[in-house]
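The listed protein sequences derive, respectively, from chains X and F. Its first residue numbered 1, the first sequence is counted upward by one per residue in our numbering. Its first residue numbered 113, the second sequence is counted upward by one per residue in our numbering.
I should point out that these hints are in silico values taken from the structure, not numbers from a laboratory. Fair warning: there could be bad hints in the mix.
Quick list of the computed label-pair ranges, beta carbon to beta carbon [stated by the list, open to error]:
no.	chain 1	residue 1	chain 2	residue 2	range
1	X	Lys111	F	Gly128	41 to 47 Å
2	F	Thr198	X	Gly15	37 to 43 Å
3	F	Ser163	X	Gly15	45 to 51 Å
The list that follows gives simulated cross-link-like pairs (lysine-lysine, DSS-like), each with its CA atoms no further than 25 Å apart [said to hold, decoys possible]:
no.	chain 1	residue 1	chain 2	residue 2
4	F	Lys121	X	Lys36
5	X	Lys70	X	Lys56
6	X	Lys99	F	Lys126
7	X	Lys99	X	Lys68
8	X	Lys67	X	Lys56
9	X	Lys111	X	Lys67
10	X	Lys99	F	Lys183
11	X	Lys99	X	Lys36
12	X	Lys68	X	Lys56
To list a few chain X residues with every Cβ distance to chain F over 10 Å, as calculated [claimed, not checked]:
no.	residue
13	Leu10
14	Arg13
15	Gln59
In this text, a Cβ means the ideal position worked out from N, Cα and C, and glycines have one as well.
These are the residues of each chain, in order.
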Amino acid sequence: GEDVEQSLFLSVREGDSSVINCTYTDSSSTYLYWYKQEPGAGLQLLTYIFSNMDMKQDQRLTVLLNKKDKHLSLRIADTQTGDSAIYFCAEKVYNQGGKLIFGQGTELSVKP
Amino acid sequence: NAGVTQTPKFQVLKTGQSMTLQCAQDMNHNSMYWYRQDPGMGLRLIYYSASEGTTDKGEVPNGYNVSRLNKREFSLRLESAAPSQTSVYFCASSVLAGGVNEQFFGPGTRLTVL
Numbered sequence: 001g002e003d004v005e006q007s008l009f010l011s012v013r014e015g016d017s018s019v020i021n022c023t024y025t026d027s028s029s030t031y032l033y034w035y036k037q038e039p040g041a042g043l044q045l046l047t048y049i050f051s052n053m054d055m056k057q058d059q060r061l062t063v064l065l066n067k068k069d070k071h072l073s074l075r076i077a078d079t080q081t082g083d084s085a086i087y088f089c090a091e092k093v094y095n096q097g098g099k100l101i102f103g104q105g106t107e108l109s110v111k112p
Numbered sequence: 113n114a115g116v117t118q119t120p121k122f123q124v125l126k127t128g129q130s131m132t133l134q135c136a137q138d139m140n141h142n143s144m145y146w147y148r149q150d151p152g153m154g155l156r157l158i159y160y161s162a163s164e165g166t167t168d169k170g171e172v173p174n175g176y177n178v179s180r181l182n183k184r185e186f187s188l189r190l191e192s193a194a195p196s197q198t199s200v201y202f203c204a205s206s207v208l209a210g211g212v213n214e215q216f217f218g219p220g221t222r223l224t225v226l
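Chain X on its own, in the form it takes in the complex (with noise of 0.2 Å):
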């Protein structure tokens, strides 16, 4: 079946780039997304990819994408501890409604 799988946390210094990384198991993934959580409140999209498609930019963030080894990445640049928060992957598998599988989310901390 589908999976998404992330690491748990990431720790960085502020101003320095943040990339955090997911794999995901459904070739047929038609798009992939990166959804924000801060403490306390639900997720909101912070960007998404379609899966023909390599790279996407939007301002601080950069999603990369390899379709041969399944891999999704979100680089966020000049890291404000603002960013601080949880980071989910998800992939929209096709055929199947609208459903999302989620991955299990990275705890981005940002030290000043």
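With chain X held as given, fit chain F onto it using these hints.
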């Protein structure tokens, strides 16, 4: 627009009690979802409703029932709560199941079952 709202925000139940978690969205979205979030396990889909009048099981439906009351509202019922159902529950909605399908999330309900 309030977006997706959930009630209650917090709830403590005893084993065997029942309760209904309420969810409403004011974005005229067709699809609605219920997830549970547990530490180290991410979000797991409990039930979803692709459109008004339809509901389908997700990954972890046992012990839960849902009702899509109308286009706006999608409720989750625990008939006989168990400690394993202690979790944070999120409701989400999206315009359609197809396309980018951005899901908008509510603030969550933190449920403890003693």
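For this session: Give me the numbers of the hints this structure contradicts, sorted from smallest to largest.
Result: Result: hints 6, 9 break, sorted rising.
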